[in-house]
Amino acid sequence: MLQAWAQPITSLVFGCELMRNWARSDADRYRTGINDYFRRKREAGQSSGDPFS
Numbered sequence: 001m002l003q004a005w006a007q008p009i010t011s012l013v014f015g016c017e018l019m020r021n022w023a024r025s026d027a028d029r030y031r032t033g034i035n036d037y038f039r040r041k042r043e044a045g046q047s048s049g050d051p052f053s
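The UniProt record's numbering applies: residue 1 is where the sequence shown begins, and numbers increase by one.
Derived from the structure by calculation, the hints contain no laboratory data. Take the hints with a grain of salt, since some may be wrong.
Label-pair restraints from in silico Cβ distances [what the hints assert, rightly or not]:
no., residue 1, residue 2, range
1, 5, 39, 30 to 38 Å
2, 5, 25, 31 to 39 Å
3, 45, 23, 32 to 40 Å
Quantities reported herein were computed from a predicted structural model and do not represent experimental measurements. Glycine included, C-beta positions come from ideal geometry on N, C-alpha and C.
Using the sequences plus the hints, can you model the full thing?
Here it is, written out as structure tokens:
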């Protein structure tokens, strides 16, 4: 992938790309999942700055 200049992304970014229209009715469910993901990372003492963590 890198040789073809593709940019690797995380599963979080992939999910955000799928939910480009955040006004959709099912966006709240995904938004809740994202908030839970970052809350758990904070509780575990992990930084959210590393895109590959």
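Hint-by-hint comparison with the structure:
1. 5 - 39: 30 to 38 Å: Since the Cβ atoms of residue 5 and residue 39 sit about 35 Å apart, the hinted range of 30 to 38 Å holds.
2. 5 - 25: 31 to 39 Å: 36 Å, holds
3. 45 - 23: 32 to 40 Å: 34 Å, holds
Violated hints for the displayed structure: none, as all numbered hints are satisfied.
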